[in-house]
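Novice: Listed below, chain by chain, are the residues.
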Amino acid sequence: MYRALAYKEWLKIRWFTVGAVGIEILALLYIFTNLRAILEFNNVIAVWSSIVYKNYMFFNSVKYLPLAIGITISVAQYLPEVIDKKLKLTLHLPLEESRVLLFLNLFGTMILSVLNLLLVTVLIIGTSMVFPAEIVWAEFITLIPWVLAGYLGYFFTSSILIEPSWQRKTVMAIVGFFMINIYLVDAIYGAYIGIIIPLLIITLLYNYLHMLPGFRFKRGLK
Amino acid sequence: MIFSAKLSRYLIVLSIILVASVIFPEFYSMTFSHSFSSPHVYYSPVKKIFVKTVSYKREIKRLDSKGNEYTREEFERLTPLFSYRQLLYRNEMPDSIDGIPIDISLMRLNNIFITIKPTDVYRYTIPLNPLIESEPGRPDLQMPDDFFRITDKIEFIQCYSNKVKVKLSKLFNDALVNCGFNFPAKKFFGNPSTRKPFDEGFFIVDNNNNLFHMKRVKNKPYVKKVILPEGIKIEFIKVMEMNLKEFYGIVITEDNRLFLLMYDGYKFVELPSKGFDRKKMKLVFMGNQFYRIISFFAKNSVATFVTDRNYKLIAENMEKWKTDEDFTVGKIADFIFPFKLEFTDVYNKYVNFNFTFSNSSFWIINLLFLFLLLFYFKRKRKNFTVSQSVDLIIVLLTGFYGFIAVLLIKDDD
Amino acid sequence: MENVVEVKNLTHYYGNKKVHENLNFNIKNGSIFGLLGKNGTGKTTTINILNGFLKPTSGKCLIFGEDSYRISPKTKARIGFLIEGHIQYSFMNIIQIEKYYSKFYSNWKRDIYYELMSKLKVQENQKLSKMSCGQRSQVALGLLLAQDPDLLILDDYSMGLDAGYRRLFLDFLKEYGKGENKTIFITSHIIQDLDGFLDDCVILDYNGVVLQMPIEEFKTKFKMYRFNSDQQELISKDKVINNFEIIKNKITVYSFEDADKVQKHLRDKGMVFNNFQNIPMDLEDAFIGITGKY
Chain A
1 MYRALAYKEW LKIRWFTVGA VGIEILALLY IFTNLRAILE FNNVIAVWSS
51 IVYKNYMFFN SVKYLPLAIG ITISVAQYLP EVIDKKLKLT LHLPLEESRV
101 LLFLNLFGTM ILSVLNLLLV TVLIIGTSMV FPAEIVWAEF ITLIPWVLAG
151 YLGYFFTSSI LIEPSWQRKT VMAIVGFFMI NIYLVDAIYG AYIGIIIPLL
201 IITLLYNYLH MLPGFRFKRG LK
Chain B
223 MIFSAKLSRY LIVLSIILVA SVIFPEFYSM TFSHSFSSPH VYYSPVKKIF
273 VKTVSYKREI KRLDSKGNEY TREEFERLTP LFSYRQLLYR NEMPDSIDGI
323 PIDISLMRLN NIFITIKPTD VYRYTIPLNP LIESEPGRPD LQMPDDFFRI
373 TDKIEFIQCY SNKVKVKLSK LFNDALVNCG FNFPAKKFFG NPSTRKPFDE
423 GFFIVDNNNN LFHMKRVKNK PYVKKVILPE GIKIEFIKVM EMNLKEFYGI
473 VITEDNRLFL LMYDGYKFVE LPSKGFDRKK MKLVFMGNQF YRIISFFAKN
523 SVATFVTDRN YKLIAENMEK WKTDEDFTVG KIADFIFPFK LEFTDVYNKY
573 VNFNFTFSNS SFWIINLLFL FLLLFYFKRK RKNFTVSQSV DLIIVLLTGF
623 YGFIAVLLIK DDD
Chain C
636 MENVVEVKNL THYYGNKKVH ENLNFNIKNG SIFGLLGKNG TGKTTTINIL
686 NGFLKPTSGK CLIFGEDSYR ISPKTKARIG FLIEGHIQYS FMNIIQIEKY
736 YSKFYSNWKR DIYYELMSKL KVQENQKLSK MSCGQRSQVA LGLLLAQDPD
786 LLILDDYSMG LDAGYRRLFL DFLKEYGKGE NKTIFITSHI IQDLDGFLDD
836 CVILDYNGVV LQMPIEEFKT KFKMYRFNSD QQELISKDKV INNFEIIKNK
886 ITVYSFEDAD KVQKHLRDKG MVFNNFQNIP MDLEDAFIGI TGKY
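Protein sequence lines, in the order shown, are assigned to chains A, B and C.
Residue 1 is where the first sequence starts when you use the working numbering, and the numbers rise one by one after that.
Residue 223 is where the second sequence starts when you use the working numbering, and the numbers rise one by one after that.
Residue 636 is where the third sequence starts when you use the working numbering, and the numbers rise one by one after that.
No wet-lab data here; the hints were simulated from the structure.
Be careful, since some hints might not be right.
To be verified - Cross-link-like lysine-lysine pairs, in silico, PhoX-like; alpha carbons within 25 Å at most:
#1 A/K54 to B/K504
#2 C/K928 to C/K885
#3 B/K632 to A/K88
#4 B/K228 to A/K85
#5 C/K883 to A/K88
#6 B/K604 to A/K85
#7 B/K604 to C/K652
#8 C/K709 to A/K86
#9 B/K501 to A/K54
#10 C/K744 to C/K813
#11 B/K489 to B/K437
#12 B/K274 to B/K534
Stated by the list, open to error - Partial pick of chain C residues on the chain A-facing surface, computed with a CB cut under 10 Å:
#13 Y649
#14 G650
#15 K653
#16 F688
#17 K690
#18 I714
#19 G715
#20 F716
#21 S725
#22 F726
#23 Y736
#24 F739
What the hints assert, rightly or not - Label-pair distances were calculated between CB atoms; the ranges are:
#25 B/S259 to A/W15: 51 to 59 Å
#26 A/S113 to C/A798: 49 to 57 Å
#27 A/L221 to B/I615: 22 to 30 Å
#28 A/F41 to B/I319: 50 to 58 Å
#29 B/D342 to A/S113: 52 to 60 Å
#30 B/S609 to C/A798: 24 to 32 Å
All residues carry an ideal CB built from backbone N, CA and C; glycine is no exception.
Please work from the sequences and hints to get the whole structure.
Specialist: Next up, the structure:
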C-alpha cells in the first residue's frame with residue numbers, strides 16, 4: 001500500500017524534481033566555469049590565498065539553493081493535498097494516520113536527499129580536482145548547514161500548509177524563518193564545526209514538525 | 223497519532239522559546255542600548271603619567287588620572303613619540319627625552335603597534351599556508367607557487383597543478399624529522415603576506431606541543447626547535463616581521479600568560495599579564511624607544527601596563543566604565559529575560575549556542591508569568607491536566623518566552 | 636451489527652456558537668439514510684463528525700462501534716466517502732487513479748469502475764483537472780463503487796451536477812444499495828431526487844433537529860392543507876400548525892394532524908375559513924413544509 005502512496009507522491013513532484021536537477025546542473029555549471037575563469041585570469045596563488053585567508057567561497061551561489069528546493073518540493077507535495085482539503089482522501093485510506101503522515105514526509109525527504117547528494121557530490125568532486133583536501137573539507141563543513149536548511153524549509157513549509165488555522169500558520173512561518181536563519185548565518189569556513197551535530201539532531205527531530213498540524217487537520221481544530 | 227502530535231507540539235513550543243530568546247533581547251537591545259567606547263590609554267614619557275582620550279557626548283576629552291583636562295595640542299606634546307607627525311608639523315618636536323636626543327628615523331624604527339583580538343585566535347583555519355622564500359635575492363618578497371600542509375608528513379602542493387612537489391616535500395620532511403618533529407602539526411603561526419620588510423617563515427606546534435621554527439632559505443629548509451619555558455603550552459603566536467628585529471612576535475599561552483619570542487636565542491621574555499583573559503580581551507602591544515605599553519581591553523575595562531625596554535614593570539593603570547548592564551536599561555533587560563541566546567559571538571568566529579543567563583532575580587518575573595498562566599488555566603477548567611502541568615513547568619523555567627510559546631500553541635486536549 | 640452508525644447526545648459548538656445539542660439518531664444496517672436541511676443548518680458539521688474529520692465537543696458518534704474520529708484502518712476499509720464537490724486528486728488520470736486506489740482495498744471491483752468510465756467520453760490519459768464537474772463526479776462514484784464499502788457516506792452528491800449526471804449517479808447508487816448489508820448515508824439539499832430512494836431521514840433547520848423519522852411515515856403523516864380566509868393575523872406556528880404560508884387570502888398550513896383536528900383547531904382560534912382542502916405532497920413539498928421557504 002505504501003508503494004502506491006509513493007507512486008502518488010511521485011506523480012505530484014516528478015516534474016519539480018526534474019526541474020530541481022536541472023537547476024542544480026545549471027548552478028554547478030556556473031560555479032565551475034566561473035571558477036575556471038577565475039583561475040585562468042587571476043594568479044592561482046592569489047586565489048588560494050583568498051580562500052584560505054579571505055574566506056573566498058567560489059561556491060557561494062548555492063547557499064540558498066537547497067532551501068529553495070526544499071520549499072518547492074514541499075509545496076509540490078502538499079499544496080495539492082491542502083487545496084479543497086484533499087488530504088482527507090489520504091487520511092481516510094485504510095492506514096494508520098500517523099504512519100501515513102510520516103511516510104509522506106519521508107518520501108519528500110528522500111527526494112531531497114537525492115537532490116542534495118547530487119549537488120554536494122558534484123561540488124566536492126569538482127573542487128577536489130583543483131584544490132587540496134583541506135579546502136574540500138572546509139567547503140564540505142560549510143555546505144552542511146546550507147543543506148540542512150533545505151530540510152528545515154521542507155518541514156516548515158509542509159507544516160504551514162497542513163496547519164488549518166491562519167494564526168498558527170503565521171506563528172510557524174515566523175519561527176521557521178528564524179530557525180532557518182540559524183543555519184544560514186554569514187560566516188567563515190568551518191564556523192559551524194562545533195555545532196554541526198546539534199544542528200543535525202534538531203533537523204532530525206523536525207521530521208515530526210508536521211504531526212501536530214496533521215493531528216489538528218484530522219480533528220477539525222481551529 | 224496523539225504521541226506524535228504531542229512530540230510535535232513540544233518541538234514547536236521549544237522552537238518558539240529558542241527564537242524568542244534570540245529576537246526579544248536583540249530587539250530590546252536595538253531599541254535601548256547605548257554604545258560605550260573604551261578610552262585609549264597612553265603613557266607620557268614627558269611627565270611619566272598616564273593620559274587617556276575618552277569619547278564623551280560625541281566629543282573627545284583628553285584627561286589624566288587626576289582628571290585634569292588637556293587640549294589636543296597639550297596632549298600631543300605629552301605624547302611626542304606617538305604624536306610626532308603633528309608635533310613635527312607644528313615644529314614642536316622636542317630635541318630630547320630623558321636626555322636621549324630624538325632621531326626621527328630611530329624613533330620610527332622603534333615604534334610598534336600590534337593588536338591581537340580573540341577573533342584572530344578563536345576561529346577555524348584551513349591548515350594550508352604559503353612558505354615565502356626568505357632570501358629572494360631581490361628587494362621584494364614574492365609569494366611562492368605552492369602551499370604546504372603538515373599531516374603525517376610535510377607536503378608542498380603546487381597550486382597550478384594541485385599536485386605534491388615530491389622532491390621539495392621530501393627535503394623539508396627530512397629536515398623536520400631530523401629536528402625531532404612529531405607529526406601531525408597542531409598549529410601554524412606566520413605572516414603570509416608579502417607586504418613586510420622580510421620573512422621569518424612559520425612557527426609550528428607539533429603533535430607533542432613542541433615549537434619549531436621553519437623557513438624557506440633559497441628553497442631549502444631551515445628548521446630549528448625552539449625550547450619552551452617550563453610548563454608553557456602555546457595558544458597563539460602573532461608573528462610580526464619588523465626591522466627592529468628584537469622579537470619574532472607575541473606569544474599567548476593556554477594559561478593566559480604573555481611572552482615575547484626574542485631573536486636572541488629564541489628566548490622567551492615574559493610580559494605582564496595580570497587579569498588577562500585571552501578568550502575575552504583584546505590585547506594591544508605598543509612600543510617606542512623608551513617603553514613597552516601593554517593594554518588589555520575588556521567590555522568594561524582597560525588595564526594598561528608600562529615596562530621599560532628591559533621589560534621591567536614601571537607603571538600600571540586601570541580604567542573601568544559602566545555599560546548597559548549597570549544602568550536601568552540593562553537591569554530591566556536582566557529582569558525580563560531569564561536568558562538570551564546568540565548564535566554568533568564577538569569573541570570568536572564560530573557559530574554556536576551562546577546562552578547568557580541573567581544573573582538577577584528573574585525567578586520573580588518567571589513566577590509572575592507562572593501565576594498568570596495558572597490563572598488562565600483555572601478559568602478554563604477546574605483540574606489541571608498532565609500537559610498543563612508540563613506547560614507550567616516550562617513557564618517556570620523559561621519565564622516570558624515559555625509563556626508566549628505555551629499560549630500561542632495551546633494544547634488541544 | 637444492527638446499527639452501523641450511532642449518534643448519541645451529540646453536542647457541538649463552533650467557538651461559542653451552538654451547532655448541535657443532544658442530537659440522537661441511529662442508522663440501521665442496510666438502510667439508506669438522508670440528512671436533509673438547508674445550507675447553514677449544521678449538515679456539514681454532522682458530516683465532518685461522521686467522516687472522522689471533526690471531533691465533537693461532547694457526545695458520541697460511533698461507526699461500526701468505533702469513535703468516528705479515530706477509526707481503525709481495518710474499519711476504514713469498510714467505509715467509502717464522497718467529499719462535497721466530488722473532490723479527488725485531479726493531477727491523476729482515470730487509469731492512474733484507479734490503479735492507485737485499487738492497492739488499498741482487498742475487494743476492489745475494477746469492472747464496475749471501468750463500466751462507469753466507458754459511459755464517460757474521456758480520453759484514457761485525461762487528467763481529472765481537465766474534466767467537467769459531471770465527469771469528475773462519475774470518477775469519484777466509480778472509485779467508491781469499486782471499493783465496495785459496507786457504509787457509503789456521501790456529502791452532497793448532487794453539488795454542481797446537472798440533471799443527467801444526478802440521475803446517473805442515483806441509478807448506480809440504487810443498484811449498489813440493493814446489495815447485502817450496504818448502508819448509505821446521504822446529505823443533500825436537492826430533495827426531489829431522493830424521493831423513493833431514502834428509507835430514513837433527519838431534517839435540520841437553524842434551531843436543530845426538526846424531524847427524525849422514516850420517510851414513509853413522514854410522507855404519510857405530514858399533510859398540507861389549503862383554505863381561504865381573511866383573518867391572516869390569527870395564523871401562527873403552534874402545536875398543531877408546523878408551518879404556514881399566506882398569499883393574499885390563500886392560506887396554506889402544514890401539520891401532522893388529520894384534517895378534522897386542524898379544522899377544529901382553526902375554529903378554536905376563532906378563524907373563519909372556507910374551501911378547506913388536503914393537498915397531496917411529494918418529498919420536496921413535505922421538506923419545504925417542515926423547514927419553511929426561507
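Novice: For the hint on C/F716, just tell me whether its beta-carbon gets within less than 10 Å of chain A.
Specialist: Holds - the Cβ of C/F716 comes within 10 Å of chain A, reaching about 6 Å at its closest.
Novice: Using the nearest Cβ pair, does C/F726 come within less than 10 Å of chain A?
Specialist: Holds, about 6 Å.
Novice: Given the hinted pair B/K501 and A/K54, is their alpha-carbon gap at most 25 Å?
Specialist: holds (22 Å)
Novice: For the pair we were handed, B/K604 and A/K85, check the Cα-Cα distance against 25 Å.
Specialist: violated (36 Å)
Novice: Are the Cα positions of B/K228 and A/K85 separated by 25 Å at most?
Specialist: Distance of about 23 Å is within 25 Å: holds.
Novice: Using the C-beta atoms of B/S259 and A/W15, is the stated range 51 to 59 Å upheld?
Specialist: About 58 Å separates the Cβ atoms of B/S259 and A/W15, which means 51 to 59 Å holds.
Novice: Is B/K489 within 25 Å of B/K437, Cα to Cα?
Specialist: holds (18 Å)
Novice: Given the hinted pair C/K883 and A/K88, is their alpha-carbon gap at most 25 Å?
Specialist: violated (50 Å)
Novice: Does C/K885 lie within 25 Å of C/K928 when you go C-alpha to C-alpha?
Specialist: Satisfied, since the Cα-Cα distance of roughly 16 Å is no more than 25 Å.
Novice: Assuming the hint says 24 to 32 Å, is it satisfied by the Cβ distance from B/S609 to C/A798 or not?
Specialist: Violated - the Cβ-Cβ distance for B/S609 and C/A798, about 53 Å, lies outside 24 to 32 Å.
Novice: Against chain A, with CB atoms and a cut of 10 Å, does the hint on C/Y649 hold up?
Specialist: holds (8 Å)
Novice: Quick check on the hint: C/F688 CB to chain A CB, less than 10 Å?
Specialist: The hint holds - C/F688 has a Cβ within 10 Å of chain A, the shortest such distance being about 5 Å.
Checked against the numbered hints given earlier, the structure breaks hints 5, 6, 15, 29 and 30 and satisfies all the rest.
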